[in-house]
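Q: Sequence:
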Amino acid sequence: MSDVEEHSLLDIGFGVAGPTGSGLKAKLLALLCVHRVFWLPWGILGISAGLFLFMVLTGDLLPLWKVVLGLLAAGLFTRVVSMADMLYDWWIGEDIALGPPNSTLPLVTGLLSPWTILVLILFESALCLAIAYYVFNLETFIVALVMLVWGVTYSASPPIKNLTEFQRRNYRSLSGFMALGGVAMVAPDMVLSWEALLVAILVVVGCLAYHDKDSLRFRPLTPRGTIIYTVGMSVLELALLFVVWLVFELPWVLLLVYLLVNIPKARAIASSLETPLSHKTHIRLTHTGVMTYTFMLLLVNIAALVNILF
-18 MSDVEEHSLL
-8 DIGFGVAGPT
2 GSGLKAKLLA
12 LLCVHRVFWL
22 PWGILGISAG
32 LFLFMVLTGD
42 LLPLWKVVLG
52 LLAAGLFTRV
62 VSMADMLYDW
72 WIGEDIALGP
82 PNSTLPLVTG
92 LLSPWTILVL
102 ILFESALCLA
112 IAYYVFNLET
122 FIVALVMLVW
132 GVTYSASPPI
142 KNLTEFQRRN
152 YRSLSGFMAL
162 GGVAMVAPDM
172 VLSWEALLVA
182 ILVVVGCLAY
192 HDKDSLRFRP
202 LTPRGTIIYT
212 VGMSVLELAL
222 LFVVWLVFEL
232 PWVLLLVYLL
242 VNIPKARAIA
252 SSLETPLSHK
262 THIRLTHTGV
272 MTYTFMLLLV
282 NIAALVNILF
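Each residue of the sequence shown is one higher than the one before, starting from -18 at the first, in the working numbering.
Think of the hints as simulated: they come from the structure by calculation, not from any bench.
Since the model is a prediction, treat every value here as computed from it, not as a measurement.
Heads up, a few of these hints could be off.
[What the hints assert, rightly or not] Just the calculated beta-carbon pair ranges, DEER-fashion:
(1) Ser174 <-> Phe223: 16 to 26 Å
(2) Ile77 <-> Thr39: 48 to 58 Å
(3) Val234 <-> Lys6: 16 to 26 Å
(4) Leu53 <-> Val127: 12 to 22 Å
(5) Val242 <-> Ser174: 27 to 37 Å
(6) Leu290 <-> Val127: 27 to 37 Å
(7) Pro81 <-> Leu119: 24 to 34 Å
(8) Ser259 <-> Gly74: 36 to 46 Å
(9) Tyr115 <-> Leu258: 52 to 62 Å
(10) Ile244 <-> Ser(-11): 25 to 35 Å
Backbone N, C-alpha and C fix where the C-beta goes; we use that ideal spot for every residue, glycine too.
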């Protein structure tokens, strides 16, 4: 019997652990792993929020094929960042030093070569940038290029890697500016408008509002301070949502639904303040926060689609 631990498809798809074996199935799973493919929906939802909200604001409706192609390309583009992150962590030896499950990732085990990852990064970046420029417009291309620079510097830049955990958490949240790519697809002349920045900042704050399981390392904040920070970002998120609902004239009943969805998060925060030094406390709060953040993105998209379709 093999002593090698089999990891779940969920762990592999989120890039937590790599597959075992060496055949075709293992290599296909390894490709899913290095892309962290299960994170794809979050990337798409942030970008589609900008796209659909500005279809509502401008009244310009893109053809369905263009919407689907643009969102798939944008989602794939976010996975390039994941591969750059894995390649850098392998190169500096971080994954093997951390041991399992990091040491089971495809680059560490040799299931995929670093050259394969590098070729995929270059090919997928070129493909997505080409779609941004030739299918959409120059503004979409520029936003994509800026976000590629952000992603690669976040994932594979020694100066950024050397920031504190709290600083990196805030820098990571800038991924929310990918929403500007969705704006550029439909309204390139409004990509730097205050309405576009409002949507992007909402997604950024939403990222900051879902807490983080590693908050115990968020110095100079204390463990309790990180929870208070999450409270502040959550309140700001709700305020920004209220403004978005006003500006884009979205159905208010859906915002009420989101307020109700926040009740479990509020309870989790209150409970967390009683045991702020426990790692499990921060993990539970993170799980609740991520689910609430996901629902927020879904709700913004649904509200915009309701206005578009009806």
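Q: Each hint: holds or not?
A: Now for the hints, and whether the structure bears them out:
no., hint, verdict
1, Ser174 <-> Phe223: 16 to 26 Å, "holds, 19 Å"
2, Ile77 <-> Thr39: 48 to 58 Å, "holds, 50 Å"
3, Val234 <-> Lys6: 16 to 26 Å, "violated, 46 Å"
4, Leu53 <-> Val127: 12 to 22 Å, "holds, 20 Å"
5, Val242 <-> Ser174: 27 to 37 Å, "holds, 29 Å"
6, Leu290 <-> Val127: 27 to 37 Å, "holds, 32 Å"
7, Pro81 <-> Leu119: 24 to 34 Å, "violated, 46 Å"
8, Ser259 <-> Gly74: 36 to 46 Å, "violated, 31 Å"
9, Tyr115 <-> Leu258: 52 to 62 Å, "holds, 54 Å"
10, Ile244 <-> Ser(-11): 25 to 35 Å, "holds, 30 Å"
When the structure is compared with the earlier hints, violations turn up for hints 3, 7, 8 and for no others.
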